[in-house]
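Engineer: What follows is each chain in one-letter form.
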Amino acid sequence: MTSALNSKYSFDTFVVGAANRLAVTAGRTVAENPGSAYNPLFIYSGSGLGKTHLLMAVGHAAKKVAPALNIEYLTLDEYVEAFHAAIAAGQGDAFRRRFQNVDVLLVDDVQFLTNRKEMQSELLRLTEALQVGGHQIVLTSDRPPPEIADLDERLISRLSGGLVVDIGAPDYETRVAILRRKADERGAKFEPGVLETVAGAESGNVRELMGALNRLVAFQAVNDRSINAETAKQLLGIGAEAASAPGGGGKGTAREGAAPGPRAGDEFGDFLADVTVTVGKAVEAWRARVGEAVLRWEGEGYRTRRLEALLERDTPAAVDAVIAAFTQDVERLKELEAEVAELDPQAAGQSVFRDPERLREAEEVAAKVRDGAAPPPAPSAAFPLAAYAVGPSNEVAVSAARAVLKQPGKKYNPLVLVGKSGLGKTHLLNAIGLELARGKRAVVACLSTQAFVDELIAAIDGDRVDWWRARYRRATALLLDDIHLIAGKERTQEELFNLFNLLQDKERQLVFTAPAQPHTLPGLEERIASRLAGGLVAELKEPDREVKRAVLERMLGQHSASPDPALVDYLADRPADSVRGLVGELQRVVGAAAAQDGPLTAGLAREVLEGQAPRDSRRSAGFRTSGIVVSSLGGIKSREKMVWDWSDVADRVIEEFR
Amino acid sequence: MSLVNFTTREITCKIVYYGPGRSGKTSNLHYVYGRVPDSRRGRMVSLATQTDRTLFFDFLPIDLGQISGFSTRFQLYTVPGQVYYNATRRLVLQGADGVVFVGDSQARQLDENVESLQNLQSNLLEHGVDIRTIPLVLQYNKQDLPRELILSPADLDDALNFRSLPSFSADALHGKGVFETLKGISELVLKKLAAGTAA
Chain A
6 MTSALNSKYS FDTFVVGAAN RLAVTAGRTV AENPGSAYNP LFIYSGSGLG
56 KTHLLMAVGH AAKKVAPALN IEYLTLDEYV EAFHAAIAAG QGDAFRRRFQ
106 NVDVLLVDDV QFLTNRKEMQ SELLRLTEAL QVGGHQIVLT SDRPPPEIAD
156 LDERLISRLS GGLVVDIGAP DYETRVAILR RKADERGAKF EPGVLETVAG
206 AESGNVRELM GALNRLVAFQ AVNDRSINAE TAKQLLGIGA EAASAPGGGG
256 KGTAREGAAP GPRAGDEFGD FLADVTVTVG KAVEAWRARV GEAVLRWEGE
306 GYRTRRLEAL LERDTPAAVD AVIAAFTQDV ERLKELEAEV AELDPQAAGQ
356 SVFRDPERLR EAEEVAAKVR DGAAPPPAPS AAFPLAAYAV GPSNEVAVSA
406 ARAVLKQPGK KYNPLVLVGK SGLGKTHLLN AIGLELARGK RAVVACLSTQ
456 AFVDELIAAI DGDRVDWWRA RYRRATALLL DDIHLIAGKE RTQEELFNLF
506 NLLQDKERQL VFTAPAQPHT LPGLEERIAS RLAGGLVAEL KEPDREVKRA
556 VLERMLGQHS ASPDPALVDY LADRPADSVR GLVGELQRVV GAAAAQDGPL
606 TAGLAREVLE GQAPRDSRRS AGFRTSGIVV SSLGGIKSRE KMVWDWSDVA
656 DRVIEEFR
Chain B
114 MSLVNFTTRE ITCKIVYYGP GRSGKTSNLH YVYGRVPDSR RGRMVSLATQ
164 TDRTLFFDFL PIDLGQISGF STRFQLYTVP GQVYYNATRR LVLQGADGVV
214 FVGDSQARQL DENVESLQNL QSNLLEHGVD IRTIPLVLQY NKQDLPRELI
264 LSPADLDDAL NFRSLPSFSA DALHGKGVFE TLKGISELVL KKLAAGTAA
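These protein sequence lines are chains A and B, in that order.
Quick note: the first sequence uses the numbering used here, first residue 6, plus one each step.
Quick note: the second sequence uses the numbering used here, first residue 114, plus one each step.
Each statement offered as a hint is correct.
Straight-line distance between alpha carbons at most 20 Å, and here's what the computed DMTMM-like set of lysine to aspartate or glutamate pairs gives: (1) B:K296 <-> A:D279; (2) B:K305 <-> A:D279; (3) B:K304 <-> A:D325; (4) B:K304 <-> A:D275; (5) B:K304 <-> A:D279; (6) B:K296 <-> A:D271.
By construction, these hints were calculated from the structure, which means they are not laboratory data.
Bound-form chain B, shown alone (with noise of 0.2 Å):
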């Protein structure tokens, strides 16, 4: 994984949206996809189910154009969700410079995240990589869900990060929170970048 190449001058982020099914990745995808220029983005690959379910995986280039001198361009991924394609999302996994979980709000949900929290442990673990190193936010979606229904960013913090990773609550159908999340991961994965050269 080489994520600055001073040789190249270019900065490749790959970012792995995770979490369990129904919780919002591709929505996430899909709102960056509707606000990047059309010259700075690819082409979204979506391999969706008739029931619009991810099948495989979405993957969204971005070019962020010239920074400080280096071409740089994030790679958006998503894995889907259902518990039975567990082998793509372990392949999507592979090589990613950061993960934002993308959890469900709703209080039902709380258990698939979990498991789904856990399996993106043991899936990191199976690339050697220890999910305390990797650059990783957590996504608190579905929070414009009457409140009834739902967790609150709190609550959810107690239950899924025990870590004090940084989270954000959002409405990713309509965009609020997604940008903000992006710019977190973001931040995560350059700061790791700058570590990185540095050692």
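Next comes chain A alone, as it looks inside the complex (with noise of 0.2 Å):
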């Protein structure tokens, strides 16, 4: 589980120079009294400077000063893996009491902290225990501790509470030092010079020099001569690259041993190389791909973390499939969204609407709002334009309804239905409402103005006005019944206010029905009133006759296929200050017939209408034809102040006898 202790690398084969020397003085000061003097003692260097090595060589030195004491060296990521097996084996305590009991501990390359949360909190703990029990713990690392990315506050200061030390590049004559003993180890001998050329060249670690000695080595051993300093050069290519430009054959003598030797082994290795890093950039593409993806949707709100764990992996996915995706996920985002926004702007600020990997709830979202945004009240199918009755009492009505449906929202905006009761406001409000529904993408809103009223309110209560207006907002007609309704509603008026501008901007048709002049409806604010005689007021009269049998025929249609020419002439003589009377008459008439099995006929429609019980057949026949011919226009309008039935003669005489 942790590396032993390479004795290789003691003080004695490190070579000690002017960059350095702290760091080994303070190296053995910590070895010869552990725990006392620097604790805990932090090395840090760049690479291949000998960290390690000092590291060790304290561990030896410890050791050799007082044989007992429990040494122990690791690697970080050694200590990470067996703090890990050990809480896998659920022996997480006696890994601790274990590192607890350690004279000297030694950790290499702790810079691995980084982003390892867990570890540094329990390094701290370690540090901590082991300082307050008097042991060593002696730290190298690449950079100082503040330096080490995402490290816990408390450890730096307290790795930071002992010596922190660092070891520079060896100077020249430390690197001719070093060299020498190492060739001395490897017991190879070099003609004068050749050390003092490989020195001089730049190199910023010892490892580097190492690795420039080892080749130097390898080829005095097989080409069994010693090479002198300008070999060494060439060999190291130390200044040298000028004399192999390619092209010509350059100088003869080149070409004889020395090029094909080191250089042919290498070829292979330095196209792999090369390889390596050319593929390194080509897969690497994908990670700037797939950060401009992040990048793009990140800055217009959208949650990225799916491309996000794509950076995360070593290896490349199919990236631009997986962008492909997010797009079009994000795309359908939008739109869910702007629907959303029209039906019910306060649900579309939802987050959900921002994260594709929620998709699926922004369906669900959509959908719920689509439910409950359903289409305004739409016009009753029951009131069809042909169905209309047309005479001289509501032709201006009527062509003006036609105007609209002509040209809707241009001409007649608002268009105001003004009458009495029963008279046929609300038939034609819907007749209207549903020819403007057949237009391509309508939404026609046509209700009573009580239920309007009401939807207000029970929005106001769920707090869904928002919603209640944009469902408005969306038709593409507005047809309110009986507007004197609103009177009193001042929240209503408001919003009708608002409602009634806004579509009229829009050139939507806004059509009203009312019982009176705008301006005489009581309780009705003065901006709805003038705004809605600012269109077109049309009045419906009383029906006239042409109305009236219009109205019976297509009523008495429906019961017979021809109905009787005198009940029609009877029923529409007869005076009727509405539609909805004369309907209720018939209604009657149709009822009466009804319970008697008989058939429609005008006596009949006499005797239930004048109270009149039919009496024998003869009686009956006699007045089929009562030649009683009253015009609504003839002056006498009230029923009670009209004789329609004299008795006979002989009881009328009875009666004067009396």
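Two chains, two frames, a set of hints: combine them into the complex.
Structural biologist: Below you can see the structure in the form of structure tokens.
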């Protein structure tokens, strides 16, 4: 689990120079008095400058001073691994105890603590415990504690609390000394000047220096001849690049033996390294693309977890497919959001529309909104325009309605149908609505003002006023029946006012019905009334004979193929102040006929409507053609003032005699 | 032609050495073969005539192992240079990811070089490939011959390299410039790979 100390790495083999003297002195001190001098000792340096060597040297020296000491050397990775293994085996406490009993703990490469929060706290705990117990801890890293990314503040201060020393790059003299010692160790002998040449080359760390030395040693061993400074230069490529320029034959001597030897083995290696770099770049290009996509969508406010997950992977995936799928999801989100925004502006702000991972949820939300935002109430199909009876009394209104249908929103906007109850305002309103709804993409809101008010109240109650508004703002036409019912409802008037303006601006048709001229309606705000009067106010009058006949013929047509003309005449001639009244009378007659299981006749109608029970067949036959014609224009409007049925002469005589 | 397969994590590059007869294409492959460790190379297939001229083609597979998580393989081919083997040349050229044009630096071979280059263009076109888009490098081989017999790389550039492609002077027999050329073409091919997957 832990590495043994390499016996080669002792203070004896460590070449001391100006750049590492402080670190070596500190190391020796610590080794001689573990736990008392600098605790912890933190050594940092660039790669290949002797950290590990020094660390192990401390271990060896300490062991030499006090052989009984429990000394443990390990790299941070090993420590982490051991920790994880112990935790997995349920031996966490044993693990901690074991390390707390170490007298000198040497930890290499602690820079790998980055992003390992749990290890940081573990190490912090261990450092504290060791310090308290008077045990030594020595750590190395390639950078000082504060520069280790993501390192816990407490750990930084703890690690910096002892002594922090660095090892610099060796100077020329140190390099020569190192080379000499290493050459000696290997029993290699070089001509004078060779090692100096090697040391003279720019080399930032000792490991590279060793590599250079190794090549010289190998070359000498293979060729069985010692090399001079010049050959060494060529071998190591020091300042020799110029000589091997491609192109001409070059110097004949250079090709003799030197070049193919060491180069030959490397050629494929070089090629491989080259390809690796290129492939790396090519393959890594996907990272750039993913990064771009992340930036783009993040900039638009979308969550990009899916893309970020790609970046965390070491090996590339089919990133283009993932990006494409992601983009598709985002586009879908945009669509959904736009749709929802129109239906319910409040719902559109939800974060779910910004997270492609939650597309399904977004779909659900949109579906819910779509359900909730059922189109505003539509006109009733029971009132087709074709069934609307037209006559002089209402032709102004009907022609206005036709004009509206021809150019909705442009000619008469709003159209206000005024008339007493039962004159067919509602029918005409719905008929207009039905015709308008035939248009493509038409959303016709047609409802009674009472329902309109109730809906608003419910919306206020459910905190969905925005939704309610959006619902009506979508409408391509708004038709409100009995607008006078809005009287006194301030909030509704306010909403209607705004809605009115908005729809009118967009040239969407508005149609209202009212029992009287807008200005005469009580409780209606002036701004509403004036707007209603601003379009066309078309009045519906009491039904004329023509209208009545049309209505009767249509109604009777439902009962028999050829209605009794006398009955139609009779009913049409009866005074009626509204179509609804007329229809009511007809219903009574129809009801009576159904009860008697008899035919619909004028006589029956007369009997029913004039309160006289039908007598025998003789009499009823005698009254069939009364010849009394009462025009609605005739001035006699009240039934009570008319004598429709004179009693028999005999009856009248008896009466008088009494 | 699937250069890079993200599913199976494979990169396969087919590189064809093209050029007039006796320009040194097979020498290139032989040198590479000699430098690749045994474990990395497959059997070099060489179908040669008795006079050591390539009859059909040479084939050398090289396994570069895992690179960036991709198992990477190079397949090096040569074509027979002689004019009358054009059908074979066209066949070998099929699916090539990159082409090394091995030119003969000898002054008297200049016409053959030009002719072969034109032949390359027309054969690529047969496969629907534009010579301007396929990765292509030039190698001026036999630069070790006496100066008076050969053209300098600059002269050859003037004569053959009107598209400013990467060019390498070489002595394939001794290995000079062989790997430089291979690196050059690999780089182009792999860069195209990157561009290709981006599209």
